[in-house]
Amino acid sequence: MPSPLTKVPHAEESPDGGALIRRMAQGDRDAFAAFYDRYAALAFALVRRILVQPAEAEEVLQEVFWQAWSEAGRYDPRRGSPEAWLLMRARSRAIDRVRAIRRRSETFVAPADESLAQAPDGRTPGPGVLAEERKLVHGALARLPDAQRRVIELAFYEGLTQAEIAERLGEPLGTVKTRTRAGLERLRGHFVTLEGATT
Amino acid sequence: MSHEPYAELASGYALTALAEDERARFESHLQAGCPECEALVRAYVEALVGVAAELPRTAPPPGVRARLLERVAADPARRAPRPVRRRWVWPALATAALAAAAAVLVYLGTTVTELRREAADRAREAATLRAEVARQRELLALLGAPDTRAIALSGLAPSPGARGRMWWNGRRAAGYFVASGLPAPPAGKTYQLWAVAGGTPISAGTFPVGPGGEAAVPVGPLAGAATAEVFAVTLEPAGGRPAPSGPMYLAGKTG
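Protein sequence lines, in the order shown, are assigned to chains A and D. Taken in order, the first sequence gives residues 1 to 199; the numbers are from the numbering used here. Taken in order, the second sequence gives residues 1 to 255; the numbers are from the numbering used here.
No wet-lab data here; the hints were simulated from the structure. No incorrect hints appear here.
Just the calculated beta-carbon pair ranges, DEER-fashion:
| hint | chain 1 | residue 1 | chain 2 | residue 2 | range |
| --- | --- | --- | --- | --- | --- |
| 1 | D | L140 | A | R103 | 18 to 24 Å |
| 2 | A | G139 | D | R171 | 55 to 61 Å |
| 3 | A | T178 | D | D121 | 35 to 41 Å |
| 4 | A | G196 | D | S245 | 54 to 60 Å |
| 5 | D | A131 | A | A55 | 15 to 21 Å |
| 6 | A | T175 | D | P183 | 21 to 27 Å |
| 7 | D | A131 | A | L194 | 43 to 49 Å |
| 8 | A | R74 | D | T200 | 57 to 63 Å |
Covered stretches of chain A, as calculated for chain D (at least 3 residues, CB under 8 Å):
| hint | region |
| --- | --- |
| 9 | 73-87 |
| 10 | 162-170 |
For each residue, glycine too, the CB sits at the ideal point set by N, CA and C.
One chain only, chain A, in its complex shape (with noise of 0.2 Å):
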């Protein structure tokens, strides 16, 4: 079934998501090509969000969707819509290569000059961040409360795990569990509301 949450123009016209894949499990060139005009622009909203540089972005963009033609056999509809199968894996790629070029820029030069200390370990937002946030935040996300929208960002879009967002906010890890949690039900609650409305 597909995600009702991602309307696409036209999807009436077009196949569904799930069988676009499992074509392109079968070797369905065509059925890659609608997927991909499909699905691009979802993904590389995300791919963007995360990453920022728009070279890097392209480039984990490809990997996804080769990736996505690669594994179309191993596509289970029950665990999930054909969104969440593409979008979890464009996130966690998107993320290795965030972690991948901060590492790159950890290692070894420890400047005096303390201006240039404050060197990307991930902590500074980069131009591109902060750019983001200073647009007005619309939509479900808006919708939450501050501090658990910082905690689903922090997770959803930098990779963090719990433990590195209890340091990075200076909370305990509890409140950041608890603040999760709730942030997450309030989403899901949201999205359902929104579905029984447009079904």
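Given chain A's structure and the hints, the job is docking chain D onto it.
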């Protein structure tokens, strides 16, 4: 046996934000069969998909689509679906040799594309390992240089059991610092390493400690630290400070 702890882990799991031991525990729980937790994780994941779908959409550059279609076109014409492991029913004659033959057939049935994907993974691993080897070579060169000295650092009042060693090369003003027994820093704080030259402490950066209180920190080249003879570790606010302000945990000097 309460189910509540697992329900709480489900949200962290959906965000892939659990610690390793928690993740393993929750996955065992799922594998043991828990439709409630499976449904919970699915619902959370679909909600996150909804969040992602609200991000502003930009089309990727057309080159990405073109390159992908080329690669897909170059793939073998017919891809077999993932092989199903069939159980061979040979009544009395089921021997180890037949089982081995069946295993070989399943292996040969692995699609070419799966092998290609593995090859791509290996190539990525090799690149990462090559970079790591280059770093290790630099480190060995430093440690092996005849004018590199080892300076022992002792634990001070906040951590009498801590130990440290600075392998320092004055000519290069570079080194490698290792420590053990440092207590985990409280939230909002971090350890910072200093090289003191002519009475002036020069920051060699902040560093994390592992679960056993151990640390390994490559240092330098550090401007102004060629003549450093004293090395110390202090506990500073997260992000470090231009000059030491917090308690000292380790200190040592040459000679």
